[in-house]
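J.: Make a model of the complete structure from these sequences and hints.
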Amino acid sequence: MRKPALGVLALTLVVGLAVRGQEAPAPAEPKPAPRWADGRISFTGSPQDVGNWEGPANATIFFEVFDGKVSKPRASLPTNPEFKDVPFQPWARDLYLKRQAALQADDPHTRCKPSGGPRMFHTPYGIEILDLPETKEVIVLAVGAPHSWRIIYTDGREHPRDGKLSWYGHSTGKWEGDTLVVDSVGYNDRAWLTREGVPKSTKLHLTERISRPNHDQLKYEAVVDDPGAYTATWGGGWFLRWSEGNEPFDYLCQENNRDPARMTGPKGN
Amino acid sequence: MSQTTLGKTIASAALTGLLLTLSLAACQKAPPPAPEKPNPWTKLAALPDWSGVWEIDWRNTRKSPPRPQMKLTPEYQARLDTYRAKQKGGENLQGEAANCVPPGLPGIMSQPYPIEFLYQPDKIVMLTEAYMQFRHIWTDGRKHPEDPDLTYMGHSIGHWEGETLVIDSVGFTTSTMLAPGVPHSDQLHITEKIHRADKDWMEIETTLDDPVVFTEPYTSTISYRHLDDEIREYICLENNRDGADEKGRPSLKLEK
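Chains A and B, in that order, give the protein sequences.
The first sequence begins at 1 in the numbering used here and counts up by one.
The second sequence begins at 1 in the numbering used here and counts up by one.
Some hints here could point you the wrong way.
[To be verified] In silico DSS-like links for lysine-lysine, alpha-carbon gap of 30 Å or less:
1) B/K43 - A/K174
2) A/K31 - B/K43
3) B/K193 - A/K136
4) A/K84 - A/K72
5) B/K199 - A/K136
[Unchecked claim] Partial list, computed: chain A residues near chain B (C-beta under 7 Å):
6) K113
7) L141
8) S148
9) W167
10) Q254
If you are wondering where the hints come from, they were derived from the structure by calculation, not from laboratory data.
Beta carbons are placed, not taken as given, at the ideal position from N, Cα and C, and that holds for glycine.
T.: Quick look at the structure:
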């Protein structure tokens, strides 16, 4: 009886998917996103469905132009802006171009510094999202960023008025249907917004929208409201891939890290 | 498609599937009724309440008995004696923790920063504020891998004995220390028994077993105080000015 009963469940979910999964770019009909017994969507695996999310290293938050051609990494959202449309303030644009010219040689991440905001979500090695309705928290565990965690409070609290600036900022979240909407402030200006060296200031107010259009994809969208570095609100995002069978592993950036010595830039920057 | 239409479609598909199921079932002998799928969170709600954060009783305000002496094999006793002699001679014996390399297990459990437990259907995740690390303790009934990768936290499996969580861990890198001057082998086996003693206190009894290091397993108990607080960001590498000596070891001398 057990197997046929599961068949009914699967059939029901596949029909649901035909409507729900329209925005997903995957070619074949992907499995629907799993749900808890109470119907809430799940961003995590289970003992029967082991895995976690692989951050797409090559995904960018806006599209760059290389050799006159717009580069659109596959994992990036097709709606991302192009570089020319990003409302940089002059200093932020200059800093970004300087970091690009130096081939990101001074990337804090390669010095084992934490990656907050979007940077965490396109760092490889595995991201696990724990939804804790009991304690009203969502915890993001990131192996590569580097082997650390981030807390999103979902208990309705507000941001502290004079919170200490930090690498991960202060995050509150709420569910809008199947989408987790995360609101964050209190970032220091030392981390990079993304791995390409996109700058941010301490005035950053970040809104992240995280959803799971189907079993195999997590959609990550960031809205950047940073009057310290940009003249208008803008944003972009990408899809993370479900990495079947992957479980968090020990990763110590600080152990035998040889990157900083090699990351010298084109002119020994 | 409107929500109502969608609902009807799902209901209709479910009905079709159900009829198919029933006709299939009719062809076989009467099977036992399908067990109700338990809500994985209901099971967790029955576990002891360890919510909030817990901080080690660093100053022993609880007046716990002192930790016993380790009974070391002659080789490891000799190593410890050498270490202490060097220490007395003023040699720099700092470990890599001063360069922000996390101490791994068991050291990560005796840092003066809070820890938090997160119950999940297949595991318990422990967050440590020190070095912002996380541990995964698998409670889904799995065994240790036969040939585990050697890591700082090891491979941990856990089960409940009443209100006590029993954690069994193996597979440790030999880069870490059990105590100053006491390294270990790849045979290190750690058992932790964690229970909430009362409203304010949690006790963690830790047994270190390593036949290369100890003549008998070493057991000690640490108390953790319940704090009405939250776990916070901790970045060892933030403005760490600890320089290195000529051998690349942490100098513990602040750079000017």
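J.: A separate judgement is required for each hint: does it hold in the structure or not?
T.: Now the hints, each set against the structure:
{"no.": "1", "hint": "B/K43 - A/K174", "result": "holds (25 Å)"}
{"no.": "2", "hint": "A/K31 - B/K43", "result": "holds (27 Å)"}
{"no.": "3", "hint": "B/K193 - A/K136", "result": "holds (27 Å)"}
{"no.": "4", "hint": "A/K84 - A/K72", "result": "holds (14 Å)"}
{"no.": "5", "hint": "B/K199 - A/K136", "result": "holds (21 Å)"}
{"no.": "6", "hint": "K113", "result": "holds (6 Å)"}
{"no.": "7", "hint": "L141", "result": "holds (5 Å)"}
{"no.": "8", "hint": "S148", "result": "holds (4 Å)"}
{"no.": "9", "hint": "W167", "result": "holds (6 Å)"}
{"no.": "10", "hint": "Q254", "result": "holds (5 Å)"}
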